[in-house]
Amino acid sequence: MPPPGSPRPPSPRRTPGPLGLVPREEQFTSRLHHERLAARLGLALGIAFGLAFVTGLLSHYLQNPPGWFWWPTRPVQLYGITQAVHITSGVASVPLLLAKLWTVYPRLFTRPPVRSVLHAVERVSVLVLIAAALFQLVTGVQNMVSWYPWGFSFPAAHFAMAWVAIGALVVHVGVQLPAIRRGLGADVDGTVPDGEPTRRGVLLAALAGAGVAVLSVAGQSVPGLGRISVLSPRSGDGPQGMPVTKSAQSAGVTETAVDPAWRLTVTGPTGSTTLSLDDLRAMPQTTANLPIACVQGWRETGTWTGVRVRDVLALVGAEPGQGDVQVESLQQGGAYPSSRLPARHAADDLTLLALQLAGEDLHIDHGYPCRLVAPSRPGVTQTKWLTSLEVLA
Amino acid sequence: MRDVGAALEDDGGARVVSSGVMAWQRVLVAIGTTGIAVGAFLLLGNLLSSVPRIALWALGPVAVNDLVLAPAAVAGAWVGRRVLPRPVWAPVTFGVVASAALVLVSLTVLGRPGALADNPSLLDRDYGTGLVVALVVVWVVVALLSVAALRRRRTAAPEAGAAGVGNVRA
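Here the protein sequences come in this chain order: A and B. Position 343 of the first sequence, counting from 1, maps to 343 under our numbering, and the rest follow consecutively. Position 44 of the second sequence, counting from 1, maps to 44 under our numbering, and the rest follow consecutively.
Some hints here could point you the wrong way.
Here are the in silico distance ranges between beta carbons for each label pair [claimed, not checked]:
(1) A:Leu184 to B:Gly111: 38 to 44 Å
(2) A:Gly334 to B:Leu110: 57 to 63 Å
(3) A:Ile228 to B:Leu150: 25 to 31 Å
(4) B:Val16 to A:Pro223: 50 to 56 Å
(5) B:Arg53 to A:Leu43: 29 to 35 Å
(6) B:Ala55 to A:Gly50: 21 to 27 Å
(7) A:Ser116 to B:Ala117: 55 to 61 Å
(8) A:Pro112 to B:Gly76: 41 to 47 Å
(9) B:Val83 to A:Pro149: 47 to 53 Å
(10) A:Thr287 to B:Leu48: 45 to 51 Å
(11) B:Ala117 to A:Ser276: 41 to 47 Å
Read the hints as simulated data drawn from the structure, not as lab findings. Every residue, glycine too, gets a C-beta built ideally from N, C-alpha and C.
Please model the entire structure based on the sequences and the hints provided.
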């Protein structure tokens, strides 16, 4: 792109390339293909990808906590909010990235294609950035609807490519820093010649397009937007007013979960005990309003009734906060048949072995006879169809 | 590493970049390269057999953009500048960007490719109608903005007419 204000120099060579159909960079004469517009669209994308990376990292560590990881139990909606930010910033990036790629599209046809080794490395790094960014958006949007046509593990691939995308983004910002400073340091349009389009118009169109994209899906995680989010993968409805991600049938528990011989095994410092459903019902009951916040992006708050986890752990001699708790499900196979409940969450007043939702026994798709519900945790760790709890030393 | 930014500028490095900016460039390139290395380590360590498929789903969308979406946008802009009056360009651009985003996002819900027979709470809306309604709303907004822009031009410069419409470029 030419520096602001200076006319584009005439092309040194006008001979057609080997492929007459391939355009040349200098043939894109619109003033919209300019660093001032690219820098602003890039800033919006940088914010969106930065938010998605940080919230995605949080979600990853909540599901696979390293030793140093710490996460609060309040506010109870915290994880639901960070995951809603993750999903909506990704969806907002779809139109922003399309607009950005269009703005810099002439650069694809720069001649000569490679000027130096450094130039080649930079061009490859831009390809890596665009490919990784598009991969994250395409697979992320597909994950919202459980559509996995690729034959690889979504969480592992999305996590690995997140590092590639954010790394390539930071490299790109580094390489382009002088152009970014020039671009952001000047008015986006300057003087617009008669009959020419404004860059401001394209910038506002892209930002408004991002707003429309967000509104079309955000209803699944933002209360009150449900009706207008016409492309939301879930309306928020489901058995007992709560959507389902993993059904009892797909978990293979339709018989074991309703077996009268079902027992919950609890293991702690003083040994093990088994509890029947009636034993759990006979213990002091607590009711709490807690959300299920799915990594796929939906969030719905329910009224859960059941026994405090810390009361159950006290039966086997565990002090509140003594250790993390390994939680196992009846689920056969699948990615999340168990979870590790951090000691802080296990000690919390609101962390329940829920027996009821909305005043009724749990629907089997919500984890009958008994499921874990804890504040501010990913839905995949709110283990359903429980079979055992064990306090880890 | 020599002056990365200047060496990669469009004009071949003729611009002067201050040493402070160059220091920041080096730091950012180093941090970014570390991030890419972490990703490559995760890909090769945990997903080696999946790398070809991941590459397909990363490079495939690049090809779709570079060979279909971007050329279509360039052609659309070329035509739009010749057939539409200047005040409606920005509203129409919004309409195109918003419509493209809505259609792309709807690809995952329209045919219900991820639907699960055992889970009616997933993909439980009428997405065809929803998409049509959303597109209608977007283009009604485009029409209202366009009418407002045309009126503003008429009151601001009644004699300006179609000034500049002949001066069209891609």
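Hint check:
1. A:Leu184 to B:Gly111: 38 to 44 Å: 42 Å, holds
2. A:Gly334 to B:Leu110: 57 to 63 Å: Given a distance of about 27 Å, which is not inside 57 to 63 Å, the answer is violated.
3. A:Ile228 to B:Leu150: 25 to 31 Å: Holds, since Ile228 (chain A) and Leu150 (chain B) (Cβ atoms, about 28 Å apart) stay within the stated range.
4. B:Val16 to A:Pro223: 50 to 56 Å: Holds: the Cβ-Cβ distance is about 53 Å, inside 50 to 56 Å.
5. B:Arg53 to A:Leu43: 29 to 35 Å: Holds - the Cβ-Cβ distance for Arg53 (chain B) and Leu43 (chain A), about 33 Å, lies within 29 to 35 Å.
6. B:Ala55 to A:Gly50: 21 to 27 Å: Holds - the Cβ-Cβ distance for Ala55 (chain B) and Gly50 (chain A), about 25 Å, lies within 21 to 27 Å.
7. A:Ser116 to B:Ala117: 55 to 61 Å: Check passed, 57 Å falls within 55 to 61 Å.
8. A:Pro112 to B:Gly76: 41 to 47 Å: With Cβ atoms ~29 Å apart, the hint is violated.
9. B:Val83 to A:Pro149: 47 to 53 Å: Since the Cβ atoms of Val83 (chain B) and Pro149 (chain A) sit about 39 Å apart, the hinted range of 47 to 53 Å is violated.
10. A:Thr287 to B:Leu48: 45 to 51 Å: For Leu48 (chain B) against Thr287 (chain A), whose Cβ atoms are near 49 Å apart, the range 45 to 51 Å holds.
11. B:Ala117 to A:Ser276: 41 to 47 Å: 33 Å, violated
When the structure is compared with the earlier hints, violations turn up for hints 2, 8, 9 and 11 and for no others.
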